[in-house]
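Position chain B against the provided structure of chain A, taking the given hints into account.
Line by line, the protein sequences are chains A and B.
With full-length UniProt numbering applied, the first sequence covers 1 to 295.
With full-length UniProt numbering applied, the second sequence covers 1 to 358.
Please keep in mind that the hints were generated in silico from the structure rather than gathered at the bench.
One or more of the hints may lead you astray.
[Stated by the list, open to error] In silico DSS-like cross-links for lysine-lysine, where the CA-CA straight-line distance does not exceed 30 Å:
#1 B/K184 x A/K187
#2 B/K132 x A/K187
#3 A/K187 x B/K110
#4 A/K204 x A/K94
#5 B/K210 x B/K132
#6 B/K136 x B/K176
#7 A/K204 x B/K113
#8 A/K94 x B/K19
#9 B/K210 x B/K184
#10 B/K107 x B/K132
#11 A/K204 x B/K132
#12 B/K176 x A/K187
#13 B/K19 x B/K176
#14 B/K312 x A/K93
[Said to hold, decoys possible] What follows is a set of in silico ranges between Cβ atoms, one per label pair, in the way DEER data are often shown:
#15 A/F97 x B/T169: 31 to 41 Å
#16 B/Q178 x A/L17: 47 to 57 Å
#17 A/I75 x B/P15: 16 to 26 Å
#18 B/T141 x A/I178: 20 to 30 Å
#19 B/T169 x A/S177: 14 to 24 Å
Keep in mind that this is a model prediction, so the values were computed, not measured.
For glycine and all other residues, C-beta sits at the position ideal for the given N, C-alpha and C.
Residues per chain are reported as follows:
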Amino acid sequence: MEKTLNNKAWFFVLPVLLLVAFSAVVPLMTVVNYSVQDSFGNNQFFWYGADWFREVLTSERFHDALIRNLIFSAIILAIEVPLGILVALAMPKKGIFVPVCLVLMALPLLIPWNVVGTIWQVFARTDIGLLGYTIDALGIDYNYVRYPLDAWVTVIVMDVWHWTSLVVLLCYAGLVSIPDAYYQAAKIDGASRWAVFRYIQLPKMGRVLLIAVLLRFMDSFMIYTEPFVVTGGGPGNSTTFLSIDLVKLAIGQFNLGEAAAMSLIYFLIVLLLSWVFYTVMTNAGTDKPLKGGAE
Amino acid sequence: MARIRLDHIRHAYSPELAKAGNYALREVDTAFEDGGAYALLGPSGCGKTTLLNIISGLLTPSDGHVRFDDRDVTMLTPEARNIAQVFQFPVIYDTMTVRENLAFPLKNRKVPKAEIATRVDDMLRRIGLAAKADRKARGLTADEKQKISLGRGLVRSDVAAILFDEPLTVIDPHMKWQLRSELKQLHREFQMTMVYVTHDQTEALTFADKVVVMYDGEVVQIGTPEELFERPQHTFVGYFIGSPGMNVLPCRLEGGEALVSGERIRLPAGLSPARSGRQIELGIRPEFVSLVPRGQGIPVTIEKVEDIGSEKIVRARLGEHRLSAIVGEDRPIPADADVAFSDGRLNLYADSWLVERA
Numbered sequence: 001m002e003k004t005l006n007n008k009a010w011f012f013v014l015p016v017l018l019l020v021a022f023s024a025v026v027p028l029m030t031v032v033n034y035s036v037q038d039s040f041g042n043n044q045f046f047w048y049g050a051d052w053f054r055e056v057l058t059s060e061r062f063h064d065a066l067i068r069n070l071i072f073s074a075i076i077l078a079i080e081v082p083l084g085i086l087v088a089l090a091m092p093k094k095g096i097f098v099p100v101c102l103v104l105m106a107l108p109l110l111i112p113w114n115v116v117g118t119i120w121q122v123f124a125r126t127d128i129g130l131l132g133y134t135i136d137a138l139g140i141d142y143n144y145v146r147y148p149l150d151a152w153v154t155v156i157v158m159d160v161w162h163w164t165s166l167v168v169l170l171c172y173a174g175l176v177s178i179p180d181a182y183y184q185a186a187k188i189d190g191a192s193r194w195a196v197f198r199y200i201q202l203p204k205m206g207r208v209l210l211i212a213v214l215l216r217f218m219d220s221f222m223i224y225t226e227p228f229v230v231t232g233g234g235p236g237n238s239t240t241f242l243s244i245d246l247v248k249l250a251i252g253q254f255n256l257g258e259a260a261a262m263s264l265i266y267f268l269i270v271l272l273l274s275w276v277f278y279t280v281m282t283n284a285g286t287d288k289p290l291k292g293g294a295e
Numbered sequence: 001m002a003r004i005r006l007d008h009i010r011h012a013y014s015p016e017l018a019k020a021g022n023y024a025l026r027e028v029d030t031a032f033e034d035g036g037a038y039a040l041l042g043p044s045g046c047g048k049t050t051l052l053n054i055i056s057g058l059l060t061p062s063d064g065h066v067r068f069d070d071r072d073v074t075m076l077t078p079e080a081r082n083i084a085q086v087f088q089f090p091v092i093y094d095t096m097t098v099r100e101n102l103a104f105p106l107k108n109r110k111v112p113k114a115e116i117a118t119r120v121d122d123m124l125r126r127i128g129l130a131a132k133a134d135r136k137a138r139g140l141t142a143d144e145k146q147k148i149s150l151g152r153g154l155v156r157s158d159v160a161a162i163l164f165d166e167p168l169t170v171i172d173p174h175m176k177w178q179l180r181s182e183l184k185q186l187h188r189e190f191q192m193t194m195v196y197v198t199h200d201q202t203e204a205l206t207f208a209d210k211v212v213v214m215y216d217g218e219v220v221q222i223g224t225p226e227e228l229f230e231r232p233q234h235t236f237v238g239y240f241i242g243s244p245g246m247n248v249l250p251c252r253l254e255g256g257e258a259l260v261s262g263e264r265i266r267l268p269a270g271l272s273p274a275r276s277g278r279q280i281e282l283g284i285r286p287e288f289v290s291l292v293p294r295g296q297g298i299p300v301t302i303e304k305v306e307d308i309g310s311e312k313i314v315r316a317r318l319g320e321h322r323l324s325a326i327v328g329e330d331r332p333i334p335a336d337a338d339v340a341f342s343d344g345r346l347n348l349y350a351d352s353w354l355v356e357r358a
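Here chain A stands alone, though its shape is the one from the complex (with noise of 0.2 Å):
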């Protein structure tokens, strides 16, 4: 088919790029312009080249930073992942329950992260809180405030109850989008329960899945708010993810050049995984290429 060539066509697109312009492009390009400068009082800046890049990238305390990140994020899919589906296998598939389930489950994505961390900074305080006070009153020492560990589980403890249920509710629309008879042909088939979500449920749950996964990812590697809201980044620099660490930089220590091109690391880095999951994910169930057969 001959291709129509209108250059009155990029007139209609641009009101979506001033948008995108305004929206990314131009606040992306002033990082970057920052990430190349050194700053000082009285708008004074000098050329400092790809040298923040060099400093951030060898800095112990960015690794550190990563580490704690890269692990936390690994925990969180690690608990998240499964419990989510073995919630939703469990949710009854219809009746008056249905409804009361799924709005429960959606109560904790609708508070705001700060709302959550301050329900859990209280929650889990030792002096008035019903969660540390109890754990206390087992004779477990219990301390988030004092303990590196305590103050890893809190947070965590906290992101699972907040974050759960949108695997959950993702996986649940995966599970009753399914026939019937694929459950009844399993059934004459002679299907363990083991094989039913093994083969059907599973793969069926893997659209949604990838997207659980992707959206967990990316969301626990960029967490904030509730980790700052409860423990602030402590004890010690224990749970100081690199949310944390850059706003530290950027606005407590000023230091606008290397704090910018931390954020261009870490965003690239949240890109990078984030296509290494697609990509694997999506490439999982596909057919490897046979010795000499056309597809």
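Same frame as chain A, now just chain B:
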């Protein structure tokens, strides 16, 4: 392989419905012989899928028993009954290859590996998918997928019966014929009891040795395609089978004659309902209605002629009743004509059921 005996089966989808007498399946008492190909034919909502699910064990009937040979299987699960079922939409295991799909029911039943391999290879050849054995099943076409789900049933050589629930619904029209004849071929090869649910009369008549016509939760007739055509036991069968369906004319009986809108029609000898006072109808297939010159038959008004290429369908009116006739393509159709009914083709119905000849 087994003979399937349906012993006074009734089914309602809830106890409340049963109490209200609202049965999806009112009463079915029949048997499917071992090795036969049966079609359950009827309009949507007549209970044919309910009956199929009762045979397969996906549903437990409210009343009655299902027996495979002499074994009462009413309370058994589908896998314990050892049946196979092909569904309306092809059910395949997406992540498995064609070969793994076919091996799946055997693997679940702990069949030895070597035997699985030989049986699966054999089945791949029979359903014509040997070339695609190691492809992922999800990339195949609908008819190939349907063959896989059939193969998963056939590969268990000991299945009691194979049940089909409108298996050709999603198949392209030009593939339907082919797949249907392949099914027939497989039936001949395996000699298994097959029960095939459909609302398409062509499908039922070409596939089955015996067609079970269902209407409103009941079996109205079981017979060969020929029997269904020539001697419909119920006016519904006459109307449902054939295109156009049988003409059904309400009438009154007087001696040996039937009165239809004041016109007298002579009945074959020995045909009279045992009891009077019932609703009497006359049934005649359009194929056995012919047009004759005015004055030689029963006067009708021709309203419309539909030319369908191979023949013409004449829509006429006899008094206040509609009447269809099928006439040859090359026969001229006069403006004024009478109709004549072929000898011995008239059926008499009392309260919708056929009156047997004495």
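Here is how each hint holds up against the structure:
1. B/K184 x A/K187: holds (26 Å)
2. B/K132 x A/K187: The hint holds at about 26 Å.
3. A/K187 x B/K110: Holds: A/K187 and B/K110 sit about 15 Å apart, inside 30 Å.
4. A/K204 x A/K94: Since the Cα atoms of A/K204 and A/K94 sit roughly 19 Å apart, the hinted pair holds (cutoff 30 Å).
5. B/K210 x B/K132: With a Cα-Cα distance of about 35 Å, the restraint between B/K210 and B/K132 is violated, given a limit of 30 Å.
6. B/K136 x B/K176: holds (23 Å)
7. A/K204 x B/K113: Holds, because 28 Å separates the two Cα atoms, which is no more than 30 Å.
8. A/K94 x B/K19: Holds. A/K94 to B/K19 sits at ~24 Å (cutoff 30 Å).
9. B/K210 x B/K184: holds (13 Å)
10. B/K107 x B/K132: holds (20 Å)
11. A/K204 x B/K132: holds (23 Å)
12. B/K176 x A/K187: Answer holds: B/K176 to A/K187 is near 27 Å, not above 30 Å.
13. B/K19 x B/K176: violated (42 Å)
14. B/K312 x A/K93: violated (53 Å)
15. A/F97 x B/T169: 31 to 41 Å: Given range 31 to 41 Å: holds, Cβ gap about 33 Å.
16. B/Q178 x A/L17: 47 to 57 Å: At roughly 54 Å between Cβ atoms, A/L17 and B/Q178 fall inside 47 to 57 Å, so the hint holds.
17. A/I75 x B/P15: 16 to 26 Å: violated (50 Å)
18. B/T141 x A/I178: 20 to 30 Å: About 21 Å separates the Cβ atoms of B/T141 and A/I178, which means 20 to 30 Å holds.
19. B/T169 x A/S177: 14 to 24 Å: holds (19 Å)
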